[in-house]
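Trainee: Sequence:
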Amino acid sequence: MPPKLHPDLLRQPSPEAASELERVERQIIEFPSLKDKEAQALFAAKTELGSKEQELTQSLKAQKIQKSAFGAAQKANDQAQMDLAQGEINRLEDQINQQTAQRNYLKAKMDAAQAKVDLLEAQLALQVAEQLLQQAEIAQTFLESEPGRTLKGFEPVDLSLYRTYKTNQQKKLAEVEKSTQSLVSAFEGMAKLQPKGAAPAVQAAPQAATPASPTLATAPQPKASPAPQSASSTLESADSTLQP
191 MPPKLHPDLL
201 RQPSPEAASE
211 LERVERQIIE
221 FPSLKDKEAQ
231 ALFAAKTELG
241 SKEQELTQSL
251 KAQKIQKSAF
261 GAAQKANDQA
271 QMDLAQGEIN
281 RLEDQINQQT
291 AQRNYLKAKM
301 DAAQAKVDLL
311 EAQLALQVAE
321 QLLQQAEIAQ
331 TFLESEPGRT
341 LKGFEPVDLS
351 LYRTYKTNQQ
361 KKLAEVEKST
371 QSLVSAFEGM
381 AKLQPKGAAP
391 AVQAAPQAAT
401 PASPTLATAP
411 QPKASPAPQS
421 ASSTLESADS
431 TLQP
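Mapping of the sequence shown onto this note's numbering: residues 191 to 434, in sequence order.
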């Protein structure tokens, strides 16, 4: 993590530098609301998946009971009960296959939603890195304008630290974008196989855009995001309400 910049060094940016810094800060301030929205979608997907897994567990238990009933009827040589139990086993088998397919679909939906949250975190980390680099460049310009100036407890600006930090965040974002694209594509492929009316949309990871400007002199430590998918590109998917 690059060192903290002394606030005095950020007093007088050029109009161009100030404008660029404000642009980056506007994007940063918008990320929390974007992430909240994606986190809500992720929570809904997890809840939906949990509900479907409970249904599947109940069906598997019912199937086990019917298989026991079939075995008992077979021992008793009761053909009518055997036929009845076998019919119920067949019905449950179809139900389990359908519920398993729906469970797999919901798991893919949840993975795609998680990937989009991870993607936003990686995008935010890069925005913060860009903000820090911009601040460091402003600070260096300020120091160069006043030769010999020193500030107590402050070390000279080393732009290479900030550039390296930004490059590392760009690499992480690229990895996350690739993984996210893969997960969202897998989900979209499964959505196409769902019965008509069974698949709504996992919206694309939003690009940060406008609000007001906070002062982040210290970089929030970005979490290392797992590998998800595409940043600027719009990832469209299908994340609807499944018909059981």
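Any given hint could be a false lead.
What the hints assert, rightly or not - In the SDA-like style, the derived pairs of lysine to any residue whose C-alpha atoms are separated by at most 20 Å in a straight line are:
1. K382 with N280
2. K265 with T247
3. K362 with E378
4. K356 with E378
5. K254 with I286
6. K225 with Q304
7. K297 with Q285
8. K297 with T237
9. K242 with N294
10. K297 with K254
11. K297 with N287
12. K257 with Q285
13. K236 with L282
14. K257 with Q276
15. K251 with D284
16. K297 with K362
17. K251 with F233
18. K254 with Q288
19. K382 with E365
20. K257 with L239
21. K254 with D284
22. K368 with E378
23. K227 with E212
24. K257 with N280
25. K242 with Q285
26. K251 with I286
27. K382 with R293
28. K257 with D284
29. K254 with A266
30. K227 with L239
31. K356 with A262
32. K257 with L282
33. K236 with K254
34. K242 with A207
35. K236 with A252
36. K242 with T290
By construction, these hints were calculated from the structure, which means they are not laboratory data. Since the model is a prediction, treat every value here as computed from it, not as a measurement.
Trainee: Next pair to validate is K236 with K254; report whether the Cα-Cα distance is within 20 Å.
Mentor: 27 Å, violated
Trainee: Between K242 and A207, does the CA-CA distance stay at or below 20 Å?
Mentor: 53 Å, violated
Trainee: If you draw a straight line from the CA of K362 to the CA of E378, is it 20 Å or shorter?
Mentor: 24 Å, violated
Trainee: If you draw a straight line from the CA of K257 to the CA of Q276, is it 20 Å or shorter?
Mentor: Answer holds: K257 to Q276 is near 8 Å, not above 20 Å.
Trainee: Quick one, are K242 and Q285 close enough, alpha carbons at most 20 Å?
Mentor: 12 Å, holds
Trainee: Is the Cα-Cα distance between K251 and F233 20 Å or less?
Mentor: 27 Å, violated
Trainee: Would you mind confirming whether the straight-line C-alpha gap from K254 to A266 stays at or under 20 Å?
Mentor: 19 Å, holds
Trainee: Check the hint pairing K257 with L239 against an upper bound of 20 Å on the C-alpha distance.
Mentor: 27 Å, violated
Trainee: For the pair supplied as a hint, K257 and L282, confirm whether the alpha-carbon distance does not exceed 20 Å.
Mentor: 11 Å, holds
Trainee: Taking 20 Å as the top limit, are the C-alpha atoms of K382 and R293 close enough?
Mentor: 15 Å, holds
Trainee: Quickly compare the C-alpha distance for K251 and D284 to 20 Å and report which way the hint goes.
Mentor: 14 Å, holds
Trainee: Starting from K225, check that the Cα of Q304 is at most 20 Å away, please.
Mentor: 11 Å, holds
Violated hints, listed in ascending order, are 1, 2, 3, 4, 10, 13, 16, 17, 19, 20, 23, 31, 33, 34, 35; each of the other numbered hints is respected by the structure.
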